[in-house]
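Asker: The listed protein sequences derive, respectively, from chains A and B.
Position in the first sequence (first residue = 1) + 853 = our numbering.
Position in the second sequence (first residue = 1) + 18 = our numbering.
There's no promise every hint is true.
[Unchecked claim] Derived lysine to aspartate or glutamate pairs resembling DMTMM-like cross-links, with alpha carbons at most 25 angstroms apart:
id, chain 1, residue 1, chain 2, residue 2
1, B, 171, A, 869
2, B, 206, A, 906
3, A, 870, B, 154
4, A, 1016, A, 965
5, B, 96, A, 869
6, A, 962, B, 351
7, A, 870, A, 891
8, A, 878, B, 179
9, B, 158, A, 869
10, A, 930, A, 891
11, B, 384, B, 351
12, A, 874, B, 204
13, B, 206, A, 909
14, B, 271, A, 1021
15, B, 33, B, 289
[Claimed, not checked] To give an idea of the interface, some chain B residues facing chain A are shown, with a C-beta separation under 8 angstroms as derived from the structure:
id, residue
16, 31
17, 33
18, 97
19, 109
20, 120
21, 147
22, 151
23, 183
24, 191
25, 205
26, 208
27, 268
28, 274
29, 275
30, 276
31, 359
The set of hints was computed from the structure by calculation and includes no laboratory data.
Here the structure is a predicted model, which is why all the values come from computation and not from measurement.
The beta carbon of each residue, even a glycine, is placed where N, CA and C say it ideally should be.
As a plain string of letters, each chain reads:
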Amino acid sequence: MKETYEFNKEDLAEIEKIKAKYPDKKSPVMPVLWLAQEKFGHVEPAVQHLVAETLDIPAAHVYGVVSFYTQYYGERKGKFVFDVCTTLTCQLCGGYDILHHLENKLGIKAGETTEDGMFSIQSVECLGACGYAPMMQITNGVYCNNLTTEKVDSIVDGLKSGKMPEFEQIPFPQHQDEQKNSEG
Amino acid sequence: MAVDWRNFEPLLIPKIPNLHKIEVFEKHDGYKQLAKVLKEYTPEKVVDEVKAANIRGRGGAGFNAGLKWSFMPKPDGKPRYIAANGDESEPGTFKDRQIFEYNPHLFIEGATIAGFAMHIDAVYVYIRGEYKAWIDMMQKAIDDAYAKGYLGKNIMGSGYDMDMYVHSGAGAYICGEESSLMESLEGKRGYPRVKPPFPAQKGLWGRPTTINNIETLANVPLVIKNGADWYKAIGAESHPGPVLYGISGHVNKPGVYEYPTGMSINDLIYEVCGGMRGGKKVKAVIPGGSSTPPLRGDALEGVCMDADSLRTAGSMMGTAGMIIMDEDTDMVDVLWRISHFYHHESCGQCTPCRDGTGFLEKTLIKIRDGHGEMRDLDLLLDLCTQMEGRTICALADAAAWPVRYTVTRFREDFEKRVKNTVYALA
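So here's chain A without its partners, still in its complex pose (with noise of 0.2 angstroms):
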């Protein structure tokens, strides 16, 4: 069965608002690639063609910009993505341990999807958070920082029961620290 795709009243008075931000119609296609891939959780060619119409632009063009910045799914993943760092800082603080592990207790491999349809793994370049390796993004969504295996057994099986970890925010170390300033 092929499914159909739409955006609803609210969805198009959103698209209005990006497009009033650039002064020219291809320039929206990322925030609403962006808006489409929040609301049906994929962008496949089908979804692709709906971003075409609505923006008034070629669907070749819509499929250019899918099929060349990651974060884009051009096919359908997980509920869940574990997006595992193992770029370089990542690498030197166990990175691919945290990948194995995660491998092995899903029994997937990075590019794959579970059975159920829960879980995708997928190996990534750097995220932007050295100082908290090893970590993981899910879902396009929060950072799990200095992660361990235990702590990745609990994420797992927190999302399993549909509970979703928080933001950690992290907290400037020259503004924990009293004593570094004055000391010597």
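Given the coordinates of chain A, assemble chain B onto it according to the supplied hints.
Answerer: Chain B in isolation, oriented as in the chain A frame:
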């Protein structure tokens, strides 16, 4: 010569609770510099002041921000733009997000002053898509600034209009390159543009555009408040100001620290970050993001974090995203991972980069897995020569430098892993 950092109080991210809230920011002299500029300064005076302060771009290139602003042509009544670069994708870099989180209004104030100085109509704040949480924080701060009349029409009754929008990236390292960032803002694949024309002539939507890093713009209100001479006295002489050092890797207390430029690398490792994990020795330091050449741990004495000192030592300041590696680090594995990153992120426009990054990675995998030969080391260096300076943007250089300098500076690690295939002629 190292600077006096122990008595330094953070300026970009001062120790004030809830400074990200606009009421708190206003109470601590927030938006007063903008008011001063709008009332007392001419645009030219702002440019001159910032030029004199020598704020060197914090995004990697280290170019004088005021000088960059002065490249903008005279206004012709049509739109002009600033693109504020918060793409922050260079491995090892995680500093701009601290500004979004702890002091977003300082950036907004700086960007608005920059806008006034260059007759700008709109600022687009480009933030990497992964930073969803920080994009929301920035959006909230911008909404608050609009509500208080610091952005939008007739800012603080001055008659100057300027808009500010957040644009979310979607996962592409190359979009931190300024022309690629503009392509991305225009809703296209992030392919860097051929220069010239430079952005100041033909930037966003064909109009004059200046691209500045988030941290660079956040420095602007400090200069307006205290003057160029005050600013120039902070840190290293040729590269002044406070800087956000993002320190990661095998240190006890990694994180982002704000100190003056020109700090000695040893002070940063041993005093600021509490030394190496497990008391181990330093094997290598990457001073400014993974594309800057690594320094040997035994050659750190006297090396300071400013453009001149690092150039002498054989590296660059980059984004001040420092990656510290201990004596157990396998440099072959590290270099392979760096090359994998650049291979993955090459946009594919230019052959030397698209194929070169792939060849580098392939050769490094061969060495890593024990099938390498001595001549592969020369092949790596030869590949670098064929990539550097032969492409539209600097990604090929960014991919080649770590290879060139890791192979030459840590050659013993590589030689140990390859078969000796230098034969005498029969």
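Asker: Now tell me, hint by hint, if it's right for this structure.
Answerer: To see whether the hints hold, each was checked on the structure:
1. B/171 with A/869: Satisfied, since the Cα-Cα distance of roughly 20 angstroms is no more than 25 angstroms.
2. B/206 with A/906: holds (17 angstroms)
3. A/870 with B/154: This hinted pair holds, its Cα atoms lying about 16 angstroms apart.
4. A/1016 with A/965: holds (22 angstroms)
5. B/96 with A/869: The hint holds at about 23 angstroms.
6. A/962 with B/351: holds (21 angstroms)
7. A/870 with A/891: OK: residue 870 of chain A and residue 891 of chain A at ~17 angstroms, within 25 angstroms.
8. A/878 with B/179: holds (23 angstroms)
9. B/158 with A/869: holds (20 angstroms)
10. A/930 with A/891: Holds - the C-alpha atoms of residue 891 of chain A and residue 930 of chain A are around 13 angstroms apart, at most 25 angstroms.
11. B/384 with B/351: holds (11 angstroms)
12. A/874 with B/204: Holds, because 11 angstroms separates the two Cα atoms, which is no more than 25 angstroms.
13. B/206 with A/909: This hinted pair holds, its Cα atoms lying about 15 angstroms apart.
14. B/271 with A/1021: Roughly 17 angstroms separates the two Cα atoms, so the pair holds.
15. B/33 with B/289: holds (20 angstroms)
16. 31: holds (6 angstroms)
17. 33: holds (5 angstroms)
18. 97: Nearest chain A Cβ about 7 angstroms off; hint holds.
19. 109: holds (4 angstroms)
20. 120: Since the shortest Cβ distance to chain A is 6 angstroms, the answer is holds.
21. 147: holds (5 angstroms)
22. 151: Nearest chain A Cβ about 5 angstroms off; hint holds.
23. 183: The hint holds - residue 183 of chain B has a Cβ within 8 angstroms of chain A, the shortest such distance being about 5 angstroms.
24. 191: With a closest approach of 7 angstroms, the residue 191 of chain B hint holds.
25. 205: holds (4 angstroms)
26. 208: Since chain A brings a Cβ to about 6 angstroms from residue 208 of chain B, closer than 8 angstroms, the hint holds.
27. 268: Holds. Min distance 6 angstroms.
28. 274: With a minimum Cβ separation of about 6 angstroms from chain A (threshold 8 angstroms), the hint on residue 274 of chain B holds.
29. 275: holds (6 angstroms)
30. 276: holds (6 angstroms)
31. 359: With Cβ-Cβ at 6 angstroms, under 8 angstroms, it holds.
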